[in-house]
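S.K.: Quick note, the sequences are listed as chains A and B, same order.
Taking our numbering, I'd label the letters of the first sequence as residues 3 to 716.
Taking our numbering, I'd label the letters of the second sequence as residues 969 to 1277.
Keep in mind that a hint or two might mislead.
Below are the DSS-like pairs computed for lysine-lysine, each with C-alpha atoms no more than 25 Å apart in a straight line [as the list claims (entries may be wrong)]:
no. : chain 1 : residue 1 : chain 2 : residue 2
1   : B       : K1019     : A       : K253
2   : A       : K207      : A       : K193
3   : B       : K1011     : A       : K211
4   : B       : K1011     : B       : K1037
5   : B       : K1011     : A       : K188
6   : A       : K166      : B       : K1037
7   : A       : K564      : A       : K583
8   : A       : K114      : A       : K258
9   : A       : K250      : B       : K1019
Simulated restraints on C-beta separations [to be verified]:
no. : chain 1 : residue 1 : chain 2 : residue 2 : range
10  : B       : V1231     : A       : P612      : 29 to 35 Å
11  : B       : V1231     : A       : T706      : 26 to 32 Å
12  : A       : I174      : B       : M969      : 53 to 59 Å
13  : A       : M639      : B       : A998      : 48 to 54 Å
14  : B       : V974      : A       : Y171      : 53 to 59 Å
15  : B       : G1038     : A       : K186      : 36 to 42 Å
16  : A       : E165      : B       : D1043     : 54 to 60 Å
17  : A       : N260      : B       : V1231     : 25 to 31 Å
18  : B       : G1038     : A       : E213      : 21 to 27 Å
19  : A       : T706      : B       : G1102     : 48 to 54 Å
These are calculated hints, taken from the structure and not from any lab test.
Quick caveat, the model's predicted, so the values are computed rather than measured.
Backbone N, C-alpha and C fix where the C-beta goes; we use that ideal spot for every residue, glycine too.
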Amino acid sequence: MYKNLYIILAGAILALSVFTLTFSGSARNRADFVFNNGNEPQTLDPQIMSGQPEGAIAVGIHEGLTGYHPKTLAPIPGVAERWEIDGLNYTFHLRPDSYWIKQGEIFTVDGKKRNVTAHDFIYSWRRMLHPETGSEYSFLVYFIEGCQQYENDITKHFRATIEKYDKLYTEIEVLGPESFGDEKYKDAREKFLKELNDYRDQRWKEVVKIEAPDPLTLKVQLRAITPFFLEITSYYSLNPSPREIVEKYGKFWTQKDNIVTNGPYYIDEWKFNSYIRLRKNKHYWETEEYVKKHLGEIRAIPDEKRTRVERDLFEYYENAGAFIPNGFETIDIRAVEEQITGMNLYINGDVDRIRELPTAILGELHAYRQKHGAESLPHLFTGTYNSVYYYSLLTTLPVFSAGENGELGRKLRRALSLSVDRKTLIRLVTRGGQRPAYRLCPPGISGYSEMPCFGSGDYETDLAEAKKLVEEVRAAGVKIPKLKVLYNTHEAHEKVAVYIQSLWKNHLGIEIELANQEWGVYLDSRRTGNFEVCRAGWIGDYKDPNTFLDMWVIGNQNNDPKYNNPQYTKIINEYCAYLSKYIATEEDRNKLLADIRNLRDYEIGIKNTPRPNGKTLDASFEEALTLYGQLPKEEQMQQLFKIRLLLFEIAEQVMLWDMPLIPLYFYTTTQFWPPELEGMYINSKDFHPMKQMRWKDGKRPTGTRYHAFPRLDN
Amino acid sequence: MFKFIVFRLFWVVVTVWAVSTITFFMVRAAPGDPFMNEVRNLKEEVQAARKREYNLDLPLIQQYGLWLKGMVQGDFGPSMKSRDKTVAQIIGQAFPVSISLGVIAMFFAVMIGMTTGVISALRQNTFWDYGLMGFAVLGISIPNFILATILIIVGVFLLGWFPLSGWETPYHVLLPAFALSLPFAARISRLSRVGMLEILSEDFVRTAYAKGLKEKHVVIKHALKGAILPVVSYLGPAFALILTGSLVIEKIFDIPGLGKIFVLAAINRDYYVVLGTVVVFSSLLCFFNFLVDLSYAFLDPRVKLEEAA
């Protein structure tokens, strides 16, 4: 008997020793800065990544032509030390001392230090357009002349070549995992790849207007005026990837032992689903010497003559000093999914920033702060976010397209939207200090109207209008069936849906069925149009109405409500995208104005819409066009931007008159970080360049943080 | 004996195969695919290229064949969501963590359960008995996330003895393993109490006492062996429950184990990761049940393995 007990004991000890092997040996040193990213990133490949957790890491390890100012997100020099803009032509001058880094050391090729060149950017941007890369963000480079054409052409060619080779080699897929490593098909595969590449090289030369006259100069020609292009070059998808490494390791190039990056930090440790440790890249270009020189240069320019970039840079360098030596040595990025655990970690002092708080205490926190003032919770930071929460209405549903030209359906959709009491929704249901949405584009886009696109501003009036509209629909003999509201399984979405259900049922007499689906099923339903009313959210990729409005055009893969309005599509895809073409001559401008005034909903939807400047949208537009003709050529560009924004306002007005979706609220973000953290600001994208962060006086606050949090029920 | 082992191992393989085959077709029957995205839907051509890359464009039965072929050769396939990782890498990092947590928790459960069970049996109907069994009932009925929360409040925030989360030193494992073990300790405690009471009333125990042996000797040398049997038969299913039930504890203490990976993979339709974890879990469970059966032979001479075979 005891012999057996010993065997069991021995087994237990063996198991114990196995388990000690899973530890790193001893506790790691705490990093200078630890933040909770909420999720494990799916990939760190700049061209493939998408989503918030990936973006948060990208600003640390990768660097594009331009970077972000931490407060305003305005573009500041990155790999490009300066640039010139001449209408559609952008010339970027790359710094010679921006190096590729492998595990903390400069990456060398044939013994030569490998710096980041213009060819790296060309390679990476081109890679985004290839179908086998699978970039979600390839549309960002469409703003460059020829890129969209190139993508269309090579995609067609890709499909045709695959079909051709599938016919040639019926027993195997030449470009499939089956044939990989199979010697017998090596020739076929090489032939296939050559055919692809030859065509691609040729098309690239023919249509795309990107060139590198020398390794440190990158010239780009845009397809149309794009005021936010430097914001796009800051975006993580346009960060460069090292060609040698990508080609050598394929999709495994982003593994910790393979990855080569060019940002201020590099990946030192990576424990899947637990943490990523970043370490300072000591070869980074932003040294004390560099900053001193740069500050001196800017100081020499009189204050009023400084460009926006120079002003931003000056403020930023004055505050933070140079990254080397002042920046954090190590940063830990944790992937704690459970929000309560994240908050516990913060309060215990293990984590220095959390960006999502448990919804259960969000309301209490906001209420407490409202009562006791902002200084009562010094660790709490809130701000608006460039994003919107809305309900899509499937416009092809019989009841939503009833009547002549769908007019009754439109009335019903409008009634559904008007009958939602957004203020009460935020006060009692979501409780996170969100802002009610009466238009789709969130506030904060400079020069763009923030006034409501629909609704009177008074809920009772709106409700009366909604009831009247539903009466009209019913009077015309349309029977309103039970509507199904779809959302992905989540407590917060359910609460919103239940509230809206009660409003529609009680005030409009419409029966509502709630349906929640697990995430994957929900995405599938949305994509295939298998819903009636569906909850959704959208985060803007850049600060421009285009990122919120271009997806409702005909044929866009994200047009879930299947909104089908050729006039709207024309405004977005033609007028806004290629504006300079449509306002070149007096004749063109008159034609554009006439086109706008001929819009189907012009009389009711646009003519009398007020703008912040006190005039109507129609009058503002006409005035802006007239002014454009009178201005000297060098001032026309600024005016063109204004006309472009007015066109977007018109488009948004047109779209929301049809109401294919119901905007509900603009998200806010509520986060914790210690007040001693400098260089950290709430911004509209929730991107926080790590190289600018510092602890006040260089001292990280230690210990727990209970004292900072009062009892919330007081 | 040998025949028995071979026979049972054969059934382990068959069971794992059956479970993974059912899983294969079930995950594929769920709507959606791994290349859906919330942010920007991928273009059709891109989706097609992706599907081709992972063989998803082939007929389902052919995909199954390829997957099974890989499986037999020890290749779990690639992850479709974490594109730069293979399933083997993902499971390879998480599996030892889950196993360690499970083994430590099991160790706690047996230690605490057996001790309290035996004590209450020996002191039947006394304050000790009622007190310990009262705790056992509490342990069975309180869900472990509440236990975990209480342990965090006391152990981390009030006393400051333990780290809050993570997986770095053996210290990190104590709280989660304890929280995970308590409900099982409670069950084991009740089982061993009943087993012990039954044995104590047997003739051979009375004989042992009559021979003048001390209580310590009687209990440890003679009675315990019999009392352990119901506990041993519970160990197999208990270990299964500990492993699959650790998800909540993993989440609360942020432990990078298999549970989190399994759930996320299912949500993301990361087919091969789901299958890989199912294979690992099911082989483990079958194997442990096999071990339990085997241990009967050592503990109870009445069980003859050849007959069972």
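S.K.: Against this structure, judge whether each hint is valid.
M.R.: Hints, verified against the model:
Taken as a hint, the K1019(B) and K253(A) pair is honoured in the structure, with Cα atoms around 15 Å apart against an allowance of 25 Å. Annotation: proposed proximity of K207(A) to K193(A) holds, straight-line Cα distance about 21 Å (limit 25 Å). Using a Cα cut-off of 25 Å, the hinted pair K1011(B) and K211(A) holds, with the two alpha carbons roughly 24 Å apart. Annotation: proposed proximity of K1011(B) to K1037(B) is violated, straight-line Cα distance about 31 Å (limit 25 Å).
Under the criterion of a C-alpha separation no larger than 25 Å, the hint pairing K1011(B) with K188(A) is inconsistent with the structure, at around 29 Å. In summary, the hint linking K166(A) to K1037(B) is not supported, as the alpha carbons are separated by about 28 Å, beyond the 25 Å threshold. Straight-line distance between C-alpha atoms of K564(A) and K583(A) comes to about 29 Å, which puts the hinted pair past the 25 Å bound. Our distance criterion of 25 Å between C-alpha atoms is met by K114(A) and K258(A), whose separation comes to about 23 Å.
Among the hinted pairs, K250(A) with K1019(B) is consistent with the structure: their alpha-carbon atoms are about 23 Å apart, no more than 25 Å. For V1231(B) and P612(A), the hinted distance range of 29 to 35 Å is not satisfied, since their beta carbons lie about 50 Å from each other. Taken as a hint, the range 26 to 32 Å holds for the pair V1231(B) and T706(A), whose Cβ atoms sit roughly 31 Å apart. The supplied range of 53 to 59 Å is broken by I174(A) and M969(B), whose beta-carbon atoms lie about 49 Å from each other.
Checking the proposed 48 to 54 Å range against M639(A) and A998(B) shows it holds: the Cβ atoms sit about 52 Å from each other. Distance hint check for V974(B) and Y171(A): the Cβ-Cβ separation is about 44 Å, which falls outside the suggested range of 53 to 59 Å. Between G1038(B) and K186(A) the beta carbon distance is about 19 Å. The supplied range of 36 to 42 Å is therefore violated. A hinted range of 54 to 60 Å is violated for the C-beta pair E165(A) and D1043(B), which are about 29 Å apart.
Range check, N260(A) to V1231(B): about 29 Å between beta-carbon atoms, so the 25 to 31 Å window is met. Between G1038(B) and E213(A) the beta carbon distance is about 45 Å. The supplied range of 21 to 27 Å is therefore violated. Between T706(A) and G1102(B), the C-beta spacing of about 35 Å breaks the proposed range 48 to 54 Å.
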